[in-house]
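We have chain A; now place chain B onto it with these hints.
2 protein chains.
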Amino acid sequence: MMHQPITITSAEIIDIRVPTSDQRLGSDPFHKQPDYSSAVLHLETNAGLRGVSVVFTVGAGTDWICHGIRDLCQLIVGTSLDDFATAPIKLYRRLIDHHQLRWLHDGVFRMASGAIVNAMFDLWAKSVDKPLWKLLIDLEPEFVADCIDWRNISDVLTREEAIAILQERQSSLQQRESEMSTRGPKAYCTAGWLGLSDDEILATIRKLQAHGFDSFKLKVGRDSEEDVQRIRFMRDAIGSECKLMVDANQYWGLADAKRHIERYRPFGLTWIEEPIARDDVLGYIELAAAFADADFGFACGEQAASPVIFKQLLQSRAIQYCQIDAVRVAGVNDVMAIVLMAAKYGVPVCPHGGGIALCNMIQHYGLWDQIAVAGHSDTQLVEYIDFLQEAVEHPVEVHNGCYATPTAPGWGLEFVPDFIQRHRFPDGDVWRTRDATRKGAAFEVPDETSHD
Amino acid sequence: MMHQPITITSAEIIDIRVPTSDQRLGSDPFHKQPDYSSAVLHLETNAGLRGVSVVFTVGAGTDWICHGIRDLCQLIVGTSLDDFATAPIKLYRRLIDHHQLRWLHDGVFRMASGAIVNAMFDLWAKSVDKPLWKLLIDLEPEFVADCIDWRNISDVLTREEAIAILQERQSSLQQRESEMSTRGPKAYCTAGWLGLSDDEILATIRKLQAHGFDSFKLKVGRDSEEDVQRIRFMRDAIGSECKLMVDANQYWGLADAKRHIERYRPFGLTWIEEPIARDDVLGYIELAAAFADADFGFACGEQAASPVIFKQLLQSRAIQYCQIDAVRVAGVNDVMAIVLMAAKYGVPVCPHGGGIALCNMIQHYGLWDQIAVAGHSDTQLVEYIDFLQEAVEHPVEVHNGCYATPTAPGWGLEFVPDFIQRHRFPDGDVWRTRDATRKGAAFEVPDETSHD
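These protein sequences, in sequence, are chains A and B.
Under our numbering, the letters of the first sequence match residues 1 to 452, in that order.
Under our numbering, the letters of the second sequence match residues 1 to 452, in that order.
Any given hint might turn out to be false.
Pairs count within a copy or across copies, as identical chains cannot be separated in the list.
What the hints assert, rightly or not - Cut-off 25 Å, straight-line C-alpha distance, at most; resulting in silico cross-link-like pairs (BS3-like, lysine-lysine):
{"hint": "1", "residue 1": "Lys258", "residue 2": "Lys130"}
{"hint": "2", "residue 1": "Lys243", "residue 2": "Lys90"}
{"hint": "3", "residue 1": "Lys130", "residue 2": "Lys439"}
{"hint": "4", "residue 1": "Lys207", "residue 2": "Lys243"}
{"hint": "5", "residue 1": "Lys90", "residue 2": "Lys130"}
{"hint": "6", "residue 1": "Lys90", "residue 2": "Lys439"}
Bear in mind the hints are in silico, worked out from the structure with no lab data behind them.
Only a predicted model underlies this, so the values are computations on that prediction, with no experimental measurement involved.
Next up, chain A with everything else stripped away, as it sits in the complex (with noise of 0.2 Å):
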């Protein structure tokens, strides 16, 4: 009986906003009104099968990601998967050596590049029914080691070492597998949002404990006064026995950094998230030698733009947890060189989540960690936030604070119609009568920006 190989036939692809500025939702000092938003990539193909991606956003730029993801479709409309999934680092290097492209550097290049590789690893999955977890725990090490572009990370973690990583974990892999199909990555929360009162950070604190949740973040950075009372307060309310995070969201510089978190060593902190620029390394061996000797380590990763940056971060020992983010680097392909490159140097991979539907991509990442790579889950926090769960089809769940592994194949992130066809921008219904001042670029907010 002929194959028939599946072919992508044609791309769509969707702006959608969520107006969650309307109850100030995720903001920190520089993000003061976001609109949570997407854009989608769907890849229809000749077999049914819908390949299916997303770059979370915060409104405003949506569409200039869009624009990118609709010109790189060009490259990947009418090719086979079988041609993907047999040397996904081909399809890569198309991206992002794409000999002119490239020119447009990191940022929505490589995030609208990575939309292309995940969808096409969602497809894959799919196509062998597996969870995208289960199917990178259950590719070869060199298989693996095939799929990372080498060029600007092998000074530091070698093609041999990262698959001599992957076979040390090859004998536990089944004893992992089954360990974590019952009980998925550990998750933490934010309970400290600027601009909830202490009691509305205490009732969630509460809430959270009820659904066995013992980590907590909280967001800093504006009034050193006020963040240090906010940080007792949620210290008190957790116990000395709970994890406690911060993060500063880049707000500061680095003698302001020094100044803030000098006075935040009396509360046990875990880690300081984003104290300084996303892409400022020497700035973070600076505060990591300065804080030596602290209870809390640093940890960024959200916003850093490229392995390179990550490399940087982690051979200088200058962050001692490593918050890739799902959808920043280019895809699935970028994201196992950053793990590699952790577990090499033993830094626990702390995801990003939140947003709309980075959670549900972000426990693929979990249990690869957990299972194929560091292999453990004695030191991974996974971040979790329950906004817009009501937006997918396959809403993450969390039970006794972790993660619940999740069984749908690929990664899990259909969209619900109906939240599509309300929150395309800007004809859905949500925006259609909604002031032209909270469109695009025009959306602004009061400067209020200064250092205290």
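Only chain B this time, still in chain A's reference frame:
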């Protein structure tokens, strides 16, 4: 008499592409068949003045930048030039710190933001009938400092240090301006493009020497043996007194870079340009240490995505030549910060030129640096490439190996209307009849990448 404020009334964004790949002009190991292109921004006003800026690209992706600029123009149409010229940092922050768009990171977003900033500076300079360089050198030191976003760089250069550097130059400003009005920044040129035969390289050198050039660059990267032969050939052709530089366009990983560069020691090279990835600060530090005793230094910056990357390369003394680009970062404000940081560390500013109209822009930065910041012309070389000067109404001129100081108001970036008409993508005469495979992301070239 009433002063009628100059107001931006409309914006036009034009995608122009030149099929330079027909002649393989400007190719390097990564950018195999570049089509030199520009996202051109025209800001029209109620005063008949037009603010112009360009973002150079190499073909596909120009539409990505145009899309971004078009979105950002919502922030500028309807505003007044006075508002901008009073405090340029305000517009810079509205763009770069936009509470939703900043999620897009560097790359397309920062380049598009730079287009807006640069067009406003163009308009400002035209409104006072000065070339851009003259506008810049006439700014008070405090005003320059107020143009800069200090958040992420003040650990390396403070506002006060920047003002002190600029103030120190004030006493020699008039003399330097007078000296440079007759003889602009010293130029250098690439003679050794990949794909040129030895005879063609020799002919290029002789032609350049006839125009007073004594500093030449050669593209390297792919084949170590061939590269060394070509370096030797060029050194023999130009003699020991002339400067010779090589450019690897980020083709190597760190280990490859060391191996290749080790063979370059005997040739009295001035610099090795972009040996490794644009964001690998620790890699540059390691290279600088490994070759501390060599004649040559390291150069990079044309693809450094933010002032923070420049900060680290300069503070660590990893680069000995600072290659600012006119359109990679967010316009004049970012470049001011970078040039001032370079001045603090005594690193010569050697801007990246070529493409379409980059030389027309960088000559202004070279003049500002050499008159008002470094205050001398002893160590800087400003790249010059004579491509496509027929595109602009004020072509760059070079006499005796030096730029002729421009006198046209603003950047002098006015395009010849017929050039724009013919090269508009995809509907200009040059493109309408071309093969669809030459269009956008679909324009691929066979993959020949392999490490030699």
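Hint check:
{"no.": "1", "hint": "Lys258 to Lys130", "verdict": "neither (46 Å within a copy, 44 Å between copies)"}
{"no.": "2", "hint": "Lys243 to Lys90", "verdict": "neither (42 Å within a copy, 40 Å between copies)"}
{"no.": "3", "hint": "Lys130 to Lys439", "verdict": "neither (39 Å within a copy, 37 Å between copies)"}
{"no.": "4", "hint": "Lys207 to Lys243", "verdict": "within (16 Å within a copy, 69 Å between copies)"}
{"no.": "5", "hint": "Lys90 to Lys130", "verdict": "within (23 Å within a copy, 51 Å between copies)"}
{"no.": "6", "hint": "Lys90 to Lys439", "verdict": "between (38 Å within a copy, 21 Å between copies)"}
Violation of the numbered hints given earlier is confined to hints 1, 2, 3; the remaining hints are satisfied by the structure.
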